[in-house]
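Go ahead and model the full structure; you've got the sequences and the hints to work with.
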Amino acid sequence: MARRSIRSVDRPSHQRYWTHRLVVTSVRATTNGVEMQLNFRANSHRCRIYSGDNALASLPAELTRSGIRRAAILCGNSVAKRTGLISALRDLLGESCAGVFDQAGRHATLESVQAAAALVRDVDGDGLIAVGAGSVMMSARLAAILLAERAPLHTLVTTYREDGPAVSPRLDAPKLPIFNVLTAPTNAQNRGGSAMRDPDGERRLEMFDPKTRPAAIFWDPQALRTAPPRLMKAAGLTVFWWSLMTLGGVASANPLSCADRRQSFDLALQALPRLTDEHDDEARIAMCAAAFLQNRDEDDGGQPFEVHWVFKVCYALASGIFTKDEGIDPGPVYVALTAPAIEHFAERNLAQLRSMCLALGNVTPLEASAATPERIARSVREFFAGVGETRRLRDLGVAREALPAIRDFALRNYNADRGRQLRGEVARLDETLGAAW
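Numbering-wise, the sequence shown is residues 0 to 436 according to numbering that gives the first Met the number 0.
Calculated from the structure, these hints are not laboratory results. Be aware that one or more of the hints could be misleading.
The list that follows gives simulated cross-link-like pairs (lysine to any residue, SDA-like), each with its CA atoms no further than 25 Å apart [said to hold, decoys possible]:
1. K80 / S95
2. K80 / G326
3. K323 / E400
4. K323 / L395
5. K323 / A114
6. K80 / A97
7. K323 / L145
8. K323 / D394
9. K323 / L109
10. K80 / G98
11. K80 / D276
12. K323 / D101
13. K80 / P228
14. K323 / G104
15. K80 / C96
Each pair of labels, with its calculated beta carbon distance range [stated by the list, open to error]:
16. A350 / S86: 51 to 61 Å
17. R399 / E94: 47 to 57 Å
18. L152 / R47: 26 to 36 Å
We treat Cβ as the ideally placed atom computed from N, Cα and C, and that holds for glycine.
Rendered as structure tokens:
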């Protein structure tokens, strides 16, 4: 083994969320002939999770712990009007609830985020409670940024240069504490990055600030039961798809990321077929846990978009689709794109995709070890057909004439493509979209 250097650094960082940093350098190991990544950096963020029956009963104490006296609730209209959850939270919080913004859209938009920030400002809110799934939690983070930062909007967002990587500015102002109450599983629950649509819907406005990560997260069956089966299935597809993609890189991941990915996949695989049972609280909480582990994978140095090209391509293209059309759920879009992306990009990461194929359980180890891109794509299609997801992009409402704009949108996706590699793959991206349509 090569020389080893391990150092531990404790520091307060931006506020109170960055609590411990572990840096490991110059270590190598092998597992089954594949080199495990032992050169990595992991960051731990302080966040309490409350899970199970009556988990929300701990919310008032969490507000008190953070010094919150006037919390504002952010949620979507359906949660506010079609369920009793917001009324129950108002009763629970009493005078600590300063107001409710119930117009958060299915995908965060500049207009709705600005309106949310205005309400919080009007009621003199000192904390944010996001009740919902991914879009609501992104809206809360974005509202916290707009409330705190005084610079013009265009100076706060990630910018793209033709001659280099995207640049995300530092946003140094202190942010209001955020508390996330999940109504559906989402890996947006514990992030510092967010994106919203601009007014014309032609681009994503992306912002990053680790100070917008939540102080606490709640997985309470009372909240998770409010999501109808269709929405729960779509959310579960997103989480499962993500865990499947990252599983392809387990063999070469660092030991922390490896554990995150394996457990996330195992939880998601068992929960996926049970999510439409409105009384199966265990499955819904398990999928929330799987999604949280996907966040931790990134904190543990996992770099999921570097696992293989199929992940990068599908995420970038899908973001262009459901950001431009808020009526389309991400999960089915990811599924529709996956097999075509494998057929057009698999040869670049064939070993990783063979590992992913094996995990689906519909090929033998011997078959997986020699699987062609076409066989891997067929395995993926067969698996998702088994859970009732066979739709193509046109079945989801994507117009064929929109495909070029979707591809152009994908070329500007900083999360998936920080190195701007997709700019050299326009022809293959078009072929992938065409096959998925």
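Quick one: which hint numbers does this structure break? Sort them smallest to largest.
none
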